[in-house]
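Put chain B on the given structure of chain A with help from the hints.
Heads up: the sequence lines are chains A and B, in that order.
In terms of this note's numbering, the first sequence opens at residue 41 and continues consecutively.
In terms of this note's numbering, the second sequence opens at residue 49 and continues consecutively.
Think of the hints as simulated: they come from the structure by calculation, not from any bench.
Ideal Cβ placement from N, Cα and C applies to all residues, glycine included.
It is possible that some hints are incorrect.
Stated by the list, open to error - Derived contacts from chain A toward chain B, CB cut-off under 7 Å, selection only: (1) 166; (2) 216; (3) 246; (4) 249; (5) 252; (6) 270.
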Amino acid sequence: MSEGQKDVVPEPKPPEQPAVEQSPENVPAPPGEVTAVGARTGMFGASGTPDTSGYGGLVAPIVFPGPAQRPYGGWFDEVADALEGHLGHVVIHRGELTLHVQRDQLLHVAQTLRDDPRLRFELCSGVSGVHYPDDAGRELHAVYHLLSMTHNRRVRVEVSVPDGDAHIPSLVGIYPTTDWHERETYDMFGIVFDGHPALTRILMPDDWPGHPQRKDYPLGGIPVEYKGGTIPPPDQRRSYN
Amino acid sequence: MATDQDMYAGSSDTSEGRVFTVTGQDWDQIVEGLAEEADERVVVNMGPQHPSTHGVLRLILELEGETVTEARCGIGYLHTGIEKNMEYRSWVQGTTFVTRMDYLSPFFNEATYCLGVERLLDIEDQIPEKASVMRVLLMELNRISSHLVAIATGGMEIGALTVMTIGFRERELVLDLFELITGLRMNHAFIRPGGVAQDLPPGALDEIRGFIALMKKRLPEYAALCNANPIFKARLEGVGHLELDGVLALGITGPVLRSTGYGWDLRKTEPYCGYEDYDFDVQTWDTADSYGRFRIRLNEMWESLKIVEQAADRLAGLEGAPVMVADKKIAWPSQLAIGSDGMGNSLDHIRHIMGESMEGLIHHFKLVTEGFRVPPGQAYVPIESPRGELGAHIVSDGGTRPFRVHYRDPSFTNLQGTSVMSEGGMVADVIVAIASIDPVMGGVDR
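With the rest of the complex left out, here is chain A:
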């Protein structure tokens, strides 16, 4: 590094601690533990062009709804009671119940949710993967939506695993419908569902490299020329995020 470059103002970086802890009086923290995954900088989130608003140094943590405290209210407590000791934290947001479960507890939790007469979640609506690249140690999430037709209730079960060890036990034995859904999540995120009868790609060609829905997989695209102007591909256009 040359001497001249030392004077350059560095890019604003997310602080070591979430800003919530640095200045708790400024940001109303949701109840319970704050789950911050990454931070957003600047006033408008624009990148690549200078932010002349004077707020370019703002750093705001991305805070997902935190764990709820007992009592949860209504039937949410019944579910939590039946699964006592097998749950991670429980999030209630906008009236939807999310149970975070360790992967070694998943089979037990799913079996109980399906078979316990108090719960009876007969229908699994499938698996949805989410990639949080900034959520260190739990980058890949598998989200199961379950429906109890007996009691007309819905619950979301979320399992998170580190990127380097993306293994989750398969639910095909309990909910056979997850067969294709797990194949899709494997195809798109690279999560390996141990015990799946035939975990192969389903939407992408068999020899496709990479897992397209991961955040580190580029969107792709080419610039398009139109009437003398050139429009860059969507992931390279100016964006406000």
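Structure of chain B alone, referenced to chain A:
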């Protein structure tokens, strides 16, 4: 090359065994070729092809004579990465992508997406009544058009071409209504987070009432053509049989679930968009076969017609009411109008933002370029699409773009039933079984 030779047909030896390519009237080659090894299994690859409007599906069938011993689906031929693309567009632009997933039920794709975004925005209570009624109206019209295609293409696949032609004839009437209301026959992007894009155009209610009256005359034609038709019944009855336990294990919903006699319909059990205010019945059948699913679709069109009628009556009393949420930080500002040179920006809106309201201009600029922000969290608001439970799992990180949107498409899940529905049956019944699932590959592959 001799004209009696088909350059695309023939046989070759591979390490996996003998491979025959069959293009038409040349099955006798297979019979001759297999004469010496007739006891061995035959694996038939059907497709990938485009069987009418279902989309591109590949079937791998293992046959013993004419009996299917194993059936597997190959999918992914229509995968276009819609979910990935949405992560690079604003929340409102997302509707233009989801509407293209299951192209036979675009309004349902839009509705479940918008309901999820509205839940994350916490504006579910603020959606104007007229917007909800219009959503219901469009969804039920869409259910009619989707069921018409299901019956029409299902009929065509077993050779009932009259069913196909009259099915598409009526579907065209529904698409005309869509064109009148939204400007487009398909891919509308009309239902938006916060409401719908435009108010009803003048004269739309009269057109809808005319359509209802016409359909009441035409729907009995389907019943007269098919319900007691001995050939139709012989092809459908007992085919694609799947009982309730199998249906639930495979996560199958919609008409296939209701054909087992279980009246599960999200419009009744988890009402959204105000479905609890409409008078309609859930249709079931107890035969758990393709014929039952056909009858359910036919009956559901009657029920949808009832809902459309009630929605049209309510809309008549809501003239001039807002169709978009009042919050100017969310409501899409721009309006369209018909000018002398066709559809374009509403001149009234341009006058408003350029001449009258600085704040209006700022809102327009911010929403169109940057879009609104959705608080972090996740939501899943399933709805009853013509094919079953359709739901969008929406994750927001607080930005102006979806962090992740995953569609739980009923076609994708229901297509898993192909194996159990067709194994042990005749090869010709595979087509009937799949048609009774009514998969739309645009939704399966996304």
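Residue hint residue 252 (chain A), partner chain B, criterion CB-CB below 7 Å: holds, 6 Å
Interface hint status, residue 166 (chain A) versus chain B (Cβ within 7 Å): It holds, given that the least Cβ distance between residue 166 (chain A) and chain B is near 5 Å, below 7 Å.
Given residue 270 (chain A) as an interface hint, is its Cβ closer than 7 Å to any Cβ of chain B? violated, 18 Å
Can the hint on residue 216 (chain A) be confirmed by a CB-to-CB distance to chain B that is less than 7 Å? With a minimum Cβ separation of about 5 Å from chain B (threshold 7 Å), the hint on residue 216 (chain A) holds.
Can the hint on residue 246 (chain A) be confirmed by a CB-to-CB distance to chain B that is less than 7 Å? violated, 10 Å
So, as I understand it, the hint says residue 249 (chain A) touches chain B; can you test that by seeing if any CB pair is closer than 7 Å? violated, 15 Å
Violation of the numbered hints given earlier is confined to hints 3, 4 and 6; the remaining hints are satisfied by the structure.
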